[in-house]
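Peer 1: Residues per chain are reported as follows:
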Amino acid sequence: MTLFIAGSAYGWAILKGNLSAAMLFGVIPLTDPFHVSQMLSSLVIPASEAFIGAIIVFAFYAVIAGRAFCGWVCPMNIITDAANWLRKKLGIIDTAQFNRDVRYWVLVLSLGLSIILGVAAFEWLSPISMLHRGLIFGMGFGWIAVLSVFLFDLLITRNGFCGHVCPLGGFYALTGRFNIIKPKYIHERCTACMKCIEICPEKQVLDTVGKKSGLVLSGECINCGRCIDVCDDKAMLFSSRLH
Amino acid sequence: MIERRHVLINTLRGFGLAAVGGALWGGFVHRAKAAPLILRPPGALPEKAFLAKCIKCGICVEDCPFDALMLAKPGDQRPIGTPYFIPRKKPCYMCKDIPCMQGCPTGALEKALLTNSDQYGNEMLNINRAKMGLAVIDRETCIAYWGMQCDVCYRACPLIDKAIEVEFTRNERTGKHAYLAPVVKSEYCTGCGLCEHACITEKASIFVLPREIAKGRSNTRYLRGWDKEDEKRLEDVPKETITKTPKSEQSPTDYLNQDNF
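Residue numbers (this note's numbering), protein chains in the order written: chain A, 1 to 243; chain B, 1 to 261.
These are calculated hints, taken from the structure and not from any lab test.
Honestly, I wouldn't trust all of these hints.
To be verified - Chain A is faced by these chain B residues, among others (derived, beta-carbon under 7 Å):
| no. | residue |
| --- | --- |
| 1 | Ala34 |
| 2 | Leu51 |
| 3 | Lys53 |
| 4 | Lys56 |
| 5 | Gly58 |
| 6 | Pro74 |
Every residue gets a Cβ at the ideal spot worked out from N, C-alpha and C, and that includes glycine.
Okay, chain A solo, but in the shape it has when bound (with noise of 0.2 Å):
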């Protein structure tokens, strides 16, 4: 995101737009697959560089970093994180739970409306576009849809936002099954003492945490590596599909 204001105020040309799409070094497109997605879903075919950017970018996710998209380059993170620390700090529990399976759902919706109207659906409303375009080209009131978020998993649900309802999340998901990055489990030297549960913003992805070694292999996976950073037996690592 530095990366990005900076081009936009100094004119640095690293990276050029914002997370919908960007210039890399003023030659590599890179645009969010999703967007594009519901731009096809509308039976608009995006120019030659528009496809691409969205195709290595799916390409990296997909193949090896996952759903990393959500915890090390959305800009929602810092207000999410914020919210939790602050529900941790006032001791506030969820006033409402509900299926973490809304978000695909939404993703089902963003690209069935977009069918419909003509344009893509979600980028309409997405507090996420809001800000990263905010932080960039100015806010407006975006940031009555940044607090909303915060409020809601601050308020409402844990986590309520990314982990529940987001479809860019959803999206990330179902494409990031199959990559090769991800958190390995080795219950040899696991002390049971579930600091990584409790910090794990996608909880039933550690599943295998107590019973068996393995990689965390389902897709909700974020791959922030929280769970290896609060882990103190060395239990939680990063590893790979390939060995």
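We have chain A already, so just place chain B on it with the hints.
Peer 2: Positioned in the frame of chain A, the structure of chain B alone reads:
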């Protein structure tokens, strides 16, 4: 064990929620994209196609050397995340190399709309082909139409004597002066807004509107028969005429013989 009934009810509930959510969402987007009064960068596709193709990345905004382009923020009352400009604040200075269009990754700003090819098939960018909007003059507030001398818009126009001409007519009120009135030619006007930017009245008396809004359209019943170009409009007309009200069976003279005449 989960009962079949619960599964069914839960599925239905899911579909119900999705339908309600989808309706609200769709309605919102439908409203949000209907903002007709917006001027797009040069080379933009027609508004509907533009909205479908623009990926809202802002590269055109960053590439604009004059910072004329802005990206619509929530609260701007314009389709969110899409580029636009307000000529009165900052017009399009019509760069020859059209950097905004060059940067567009999706083709929402289309190169073909701004390209000329010469007789050897070489393609050259031509910003003068841009159709961002159309300048419209309010003759009641334009001081040149009052009879005062002002040709600021005419001088500001990058296509002087093409897009804006000055027409001379006699000023009957004084009897010895001429009106030097600016007139916009839609054929050439690119909608860059340099005229609007330059206009000296407090609120601009010449201003750019989207072409869709500024222009009327006549159907093929009215043709300029003396104009070969205009007759081409007949080419797409279907041979058979479709009338909604049925034709009378009677001959035109019959009504003269009717009793009540």
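Peer 1: Hints first: check each against the structure and report whether it holds.
Peer 2: Quick rundown of the hints versus the structure:
no., hint, verdict
1, Ala34, "violated, 11 Å"
2, Leu51, "holds, 5 Å"
3, Lys53, "holds, 6 Å"
4, Lys56, "holds, 5 Å"
5, Gly58, "holds, 5 Å"
6, Pro74, "holds, 4 Å"
Checked against the numbered hints above, the structure violates only hint 1.
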